[in-house]
Amino acid sequence: MRLRLTPSRIAVGVVLLVAVILCAIGPYIFSDFFVRSILTKTMWLGIAASSLIFLAGFAGMVSLGQAAIYSIAGFVMGNLVAADGGVDTALSPWVGVILGLLASTVIGLVFGAVAARSAGIYFLMITLAFSVLNFYFWGASTDLSGFGGINNIATPGLIGSAGRDPTRLFYVAFIVSILVYLFLRYLIRTPFGITLQGIRDEPTRMRALGYNVPLHRVLAFTIAAFIAGIAGILFIWQNANRIDPNSVNLSATIDVLVVAVVGGLFRVEGAWLGAFVYTVLETYSKNWDLINERFNTVIGAVFLVIVLLSPGGLLGIWDSVRGAARRLGRGAAPATEPGPAGGGGPGAT
Amino acid sequence: MTHPKVRRSRLWLLLAVLVVALAAIAAGCGGDDSAEPAPAEPAPAEPAPAEPAPAEPAPAEPAPAEPAPAEPAPAEPAPAEPAPAESGAASGEPIKLAILSDCEGAFAAFYEWDIGGAQAAFAKYAGGVPKGENPSDGMDGIVLGGRPVEIVGYGCSNDTADKAIEEMRRLVEQLGAQIVIGPLSGDEGIAVANYAKEHPEIVVLNGTSGAQDTTLKVRAPNFFRFNSDGAQWSAGIGDYAYNVLGWRTAAVVGDDYSFPYTTNAGFIAEFCAAGGQISARVWPPLGETDYSSWVSQIPDDVDGVYVGVGGSGTVPFFEAYASLKGDPDPAKITGNLFISDPTFLGAYGKNLIGSVSSGPTAGDANTPEAIEYNKTIDETYPSIAGSGPSVFTYNYYNAAWALTVAMESIGGDVGEGNANLLTALSETVVPGAYGEIKLDENRQAITDNYVVQIVEDSTGDGVPDVKTVRRIPAVDQSFGGTFTPDTPAPDRDNPTCEPRDLPWIGNAEEVDYSSGATDTAATESTG
Numbered sequence: 177m178r179l180r181l182t183p184s185r186i187a188v189g190v191v192l193l194v195a196v197i198l199c200a201i202g203p204y205i206f207s208d209f210f211v212r213s214i215l216t217k218t219m220w221l222g223i224a225a226s227s228l229i230f231l232a233g234f235a236g237m238v239s240l241g242q243a244a245i246y247s248i249a250g251f252v253m254g255n256l257v258a259a260d261g262g263v264d265t266a267l268s269p270w271v272g273v274i275l276g277l278l279a280s281t282v283i284g285l286v287f288g289a290v291a292a293r294s295a296g297i298y299f300l301m302i303t304l305a306f307s308v309l310n311f312y313f314w315g316a317s318t319d320l321s322g323f324g325g326i327n328n329i330a331t332p333g334l335i336g337s338a339g340r341d342p343t344r345l346f347y348v349a350f351i352v353s354i355l356v357y358l359f360l361r362y363l364i365r366t367p368f369g370i371t372l373q374g375i376r377d378e379p380t381r382m383r384a385l386g387y388n389v390p391l392h393r394v395l396a397f398t399i400a401a402f403i404a405g406i407a408g409i410l411f412i413w414q415n416a417n418r419i420d421p422n423s424v425n426l427s428a429t430i431d432v433l434v435v436a437v438v439g440g441l442f443r444v445e446g447a448w449l450g451a452f453v454y455t456v457l458e459t460y461s462k463n464w465d466l467i468n469e470r471f472n473t474v475i476g477a478v479f480l481v482i483v484l485l486s487p488g489g490l491l492g493i494w495d496s497v498r499g500a501a502r503r504l505g506r507g508a509a510p511a512t513e514p515g516p517a518g519g520g521g522p523g524a525t
Numbered sequence: 008m009t010h011p012k013v014r015r016s017r018l019w020l021l022l023a024v025l026v027v028a029l030a031a032i033a034a035g036c037g038g039d040d041s042a043e044p045a046p047a048e049p050a051p052a053e054p055a056p057a058e059p060a061p062a063e064p065a066p067a068e069p070a071p072a073e074p075a076p077a078e079p080a081p082a083e084p085a086p087a088e089p090a091p092a093e094s095g096a097a098s099g100e101p102i103k104l105a106i107l108s109d110c111e112g113a114f115a116a117f118y119e120w121d122i123g124g125a126q127a128a129f130a131k132y133a134g135g136v137p138k139g140e141n142p143s144d145g146m147d148g149i150v151l152g153g154r155p156v157e158i159v160g161y162g163c164s165n166d167t168a169d170k171a172i173e174e175m176r177r178l179v180e181q182l183g184a185q186i187v188i189g190p191l192s193g194d195e196g197i198a199v200a201n202y203a204k205e206h207p208e209i210v211v212l213n214g215t216s217g218a219q220d221t222t223l224k225v226r227a228p229n230f231f232r233f234n235s236d237g238a239q240w241s242a243g244i245g246d247y248a249y250n251v252l253g254w255r256t257a258a259v260v261g262d263d264y265s266f267p268y269t270t271n272a273g274f275i276a277e278f279c280a281a282g283g284q285i286s287a288r289v290w291p292p293l294g295e296t297d298y299s300s301w302v303s304q305i306p307d308d309v310d311g312v313y314v315g316v317g318g319s320g321t322v323p324f325f326e327a328y329a330s331l332k333g334d335p336d337p338a339k340i341t342g343n344l345f346i347s348d349p350t351f352l353g354a355y356g357k358n359l360i361g362s363v364s365s366g367p368t369a370g371d372a373n374t375p376e377a378i379e380y381n382k383t384i385d386e387t388y389p390s391i392a393g394s395g396p397s398v399f400t401y402n403y404y405n406a407a408w409a410l411t412v413a414m415e416s417i418g419g420d421v422g423e424g425n426a427n428l429l430t431a432l433s434e435t436v437v438p439g440a441y442g443e444i445k446l447d448e449n450r451q452a453i454t455d456n457y458v459v460q461i462v463e464d465s466t467g468d469g470v471p472d473v474k475t476v477r478r479i480p481a482v483d484q485s486f487g488g489t490f491t492p493d494t495p496a497p498d499r500d501n502p503t504c505e506p507r508d509l510p511w512i513g514n515a516e517e518v519d520y521s522s523g524a525t526d527t528a529a530t531e532s533t534g
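Quick note, the sequences are listed as chains P and X, same order.
Here the numbering used here is used: the first residue of the first sequence is 177, the next is one more, and so on.
Here the numbering used here is used: the first residue of the second sequence is 8, the next is one more, and so on.
For reference, chain P alone in the conformation it holds in the complex:
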């Protein structure tokens, strides 16, 4: 299946390219603060949100468990490498990274095997319960989470001290983000991805056609857990090399959802757009006297506006504008592209 190059596709490509180039030269044109607190956070938060977008937008599974999953990778790594707090082991940071990712993936598989058999609101609730359980587990297991969190977690030499020089961490996060993005884009076009989208739209019909629906959903959840795990590792390095149970409380869970919805639940790239907008708003709105301590109100308002006006998120607005412009330009002529007209429906990629 060959994509046609339409003006709007070219426009999207150009915007993406500019964003990537801006990020690539980010450390040379932005302040250290911007690179560390905005761009790097955008990368890991975007990865976390992309795992949710993959689940919600392409498998129809709105999960509130992604923050819990990324915390598992983070805590496992924190306990396995040298750190203040947690279990006193000092494996190589890379071994910590691999085992952290492995732990989040395996737990994703096991939990997915249970949760993926439910759907809709029940799936949402079961993943929410998982998040809460995860939060209290780490809060209660202070042998693993430290009293006052796990601090000063050792980082690989490749990252160095991100507190002093954020450049290397940023590039790692940036490259990993691109890889995750390309991987997800690829995945949703494979037969597996197409099947998932079929299951999202018509699970009963897919079952009748002979597909193993639960298996596909479990696999999707496991893949998403792996991706969320990557976010968890990057999160620790960006978060001054520390994690504590409060890092993954309910509000962190909701943050991931807000980012995904703001960016657009139906496009993978929406994850990073949402993460960027969220991080920028969160950071800079506090410098305005009027807003300072009212940041949550602002992000709540943005969230509401987006949900009401554009269920496809900020990227959905782009789709709406494009569709509207086309209609204005061509009068009542029927759209030639299957793209969603009003609010970015599924399949917009």
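Since the hints were derived computationally from the structure, they do not count as laboratory data.
Treat the hints with care, since some could be wrong.
If you want the footprint, here are the derived chain X segments under chain P, 3+ residues with CB under 8 Å [what the hints assert, rightly or not]: (1) 159-173; (2) 196-208; (3) 259-268; (4) 318-326.
Chain P stretches covered by chain X per the calculated footprint, using a threshold of three residues with CB under 8 Å from any CB of chain X [to be verified]: (5) 203-212; (6) 317-331; (7) 334-348; (8) 415-421; (9) 456-463.
C-beta: ideal position from N, C-alpha, C; glycine also.
Take the given structure of chain P and dock chain X to it, following the hints.
Coordinates of chain X only, in the frame set by chain P:
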């Protein structure tokens, strides 16, 4: 099919939202641009140290540590900006200062008190002029040791360490703060002390966070705490419970994080040192709203309960206690400073008339220092009048006061890498309203502590008053040798309960301020 007109109006709506969103982003980036030079380039004023290892080269500029060594173009001819410390002393370069507190979470109610405390000290000792009715409206005209001070921002955390770090980064790296007063709560303090260690170019004066590890274990050379820690705040109460109230067994309850671990550790250490036994330790999570299941874990056969539940949880805890175990018997309840805090007294104090707690302030003290201090708070910020005896106001006030004293002593010349300021702060003695404050070798306060009793309202405002009954002079962080850098940090199980020798058991001074001339009772009323 939607009507075309409806579609068009929808389109305009969408466009409007897009414009607003873009404006928000643009304004955000603008904020960054304007602030960028500050954090990014303070250092390159010099030929620039070749690479990292910033602490050693000791070039003439103050802050080589963090942003500079990153790498960018150090050869450049010194941007005509910062170079904060050294030359600034002569030229009167403004010092950038920030105040970090909590505006969300369990302690959000104390946001204005914290900022107000710090700024009231600046108003009194450094010429600060409030910009508005509320402390967070800002303050102009502060001069420390001849150097003008600009308050670049207020940190708005939510009692989690992650948010405190985020806010520190914003204040220091984006807004360019060189000196930070804060944070508020225990875990935040540990994280901020670690942050300070990694950023030797800044100076941090603790706000009111009271976890023990912050100064006993982290020991950042540029982190100063002019308030006592949670354990010190408990000095005197274990002795009182054992020897005056006659308890032999007790249960302790506290929020499940480092500060209550520390206050409860002080009670446990002292109560057990005197000969008492701890029957149960119950730790509900911070931010809990229904304490029933936790109250039910308190054994019925204990002689008393020590309550270390703070912030927004204190009232719900006692309500759950009353519904499960009947109205609390004041002789069987003691607690950390939260149960004698003006906010709590206003909300629930009537039910606890006679209970004792302890803390570093004596709300009814009628010494000239205490009267003057409370007057300063009330006159500078009528909006927070009456909050003087609260540790939130008091500790932030003393931190700012200490900074003022230290800056005066060095004439505003903070020296290379803040060396002069760090030395001056270590040697600063603050004649605090409720007792002199000096620092130990870990830059941790040694100061007096008080046992206070909740008594009937005598001022007619309907809020119970606090009567100070004992003073324990010059309590140090080691708590008479109980805590050292090598002992386990206070946690759910530590310290263990064992008899020890504590210097002040049986030696606390009995005090009675009610016999004094001046009526200072108004100072305890809530704002």
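Evaluation of the provided hints:
| no. | hint | verdict |
| --- | --- | --- |
| 1 | 159-173 | holds (count 8) |
| 2 | 196-208 | holds (count 6) |
| 3 | 259-268 | holds (count 4) |
| 4 | 318-326 | violated (count 0) |
| 5 | 203-212 | holds (count 7) |
| 6 | 317-331 | holds (count 6) |
| 7 | 334-348 | holds (count 6) |
| 8 | 415-421 | holds (count 4) |
| 9 | 456-463 | holds (count 7) |
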